Amino acid sequence: MNKNKNIKQSLKEEQRMILEMIDASWEQAERLGKHPLKNGCNCINCVNRRKRVLEEPEEVWRFNL
Numbered sequence: 001m002n003k004n005k006n007i008k009q010s011l012k013e014e015q016r017m018i019l020e021m022i023d024a025s026w027e028q029a030e031r032l033g034k035h036p037l038k039n040g041c042n043c044i045n046c047v048n049r050r051k052r053v054l055e056e057p058e059e060v061w062r063f064n065l
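Mapping of the sequence shown onto the UniProt record's numbering: position 1 corresponds to residue 1, and the numbering continues sequentially without gaps.
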């Protein structure tokens, strides 16, 4: 029973840490305003831009009738 309690507590701590990181990145984005993509910047805008750059482009879907 104690092990399950520890697992639930650790999951809640992880979730709390993730939410705090997201909040901090939003606050940083608001503070910096609109700016070019920077390597060291961890605001939510720069993170999303880097993610888009790393994603593979979707193939063009074509069909014939």
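The hints are simulated quantities; they were obtained by calculation from the structure and are not laboratory data.
Here the structure is a predicted model, which is why all the values come from computation and not from measurement.
Don't take each hint at face value.
Cβ pair distances, simulated, as ranges [what the hints assert, rightly or not]: (1) Arg49 <-> Arg16: 24 to 34 Å; (2) Trp61 <-> Lys8: 39 to 49 Å; (3) Glu20 <-> Asn64: 45 to 55 Å; (4) Asn48 <-> Met17: 18 to 28 Å; (5) Ile22 <-> Glu55: 16 to 26 Å; (6) Lys34 <-> Leu54: 16 to 26 Å.
Calculated cross-link-like contacts (lysine-lysine; reagent style DSBU-like; alpha-carbon spacing at most 35 Å) [to be verified]: (7) Lys51 <-> Lys38; (8) Lys34 <-> Lys3; (9) Lys3 <-> Lys38; (10) Lys34 <-> Lys5; (11) Lys8 <-> Lys51; (12) Lys34 <-> Lys8.
Using N, Cα and C, we set each Cβ at its ideal position, and we do this for glycine too.
Hints, verified against the model:
1. Restraint check, Arg49 to Arg16: a C-beta distance of roughly 27 Å satisfies the suggested window 24 to 34 Å.
2. The hint said 39 to 49 Å for the Cβ distance between Trp61 and Lys8, and at roughly 44 Å that hint holds.
3. Range check, Glu20 to Asn64: Cβ separation about 52 Å, and the 45 to 55 Å hint holds.
4. The hint said 18 to 28 Å for the Cβ distance between Asn48 and Met17, and at roughly 20 Å that hint holds.
5. For Ile22 paired with Glu55, a C-beta distance near 20 Å keeps the hint of 16 to 26 Å intact.
6. Judged by the Cβ atoms, the range 16 to 26 Å given for Lys34 and Leu54 holds: they are separated by roughly 22 Å.
7. For the hint pairing Lys51 with Lys38, the CA-to-CA distance comes to about 13 Å; that is within 35 Å, so the pair holds.
8. Restraint check for Lys34 and Lys3: not satisfied, since their Cα atoms lie roughly 46 Å apart, outside the 35 Å limit.
9. As the CA atoms of Lys3 and Lys38 are separated by approximately 43 Å, the hinted pair breaks the 35 Å bound.
10. Proximity of Lys34 to Lys5 is assessed by CA-CA distance (about 44 Å); at most 35 Å being required, the pair is judged violated.
11. Distance check on the hinted pair: Lys8 and Lys51 sit about 31 Å apart at the alpha-carbon level, within 35 Å; holds.
12. Restraint check for Lys34 and Lys8: the C-alpha separation of about 39 Å exceeds 35 Å, so the hint is violated.
In terms of the numbered hints stated before, the structure departs from hints 8, 9, 10, 12, listed from lowest to highest.
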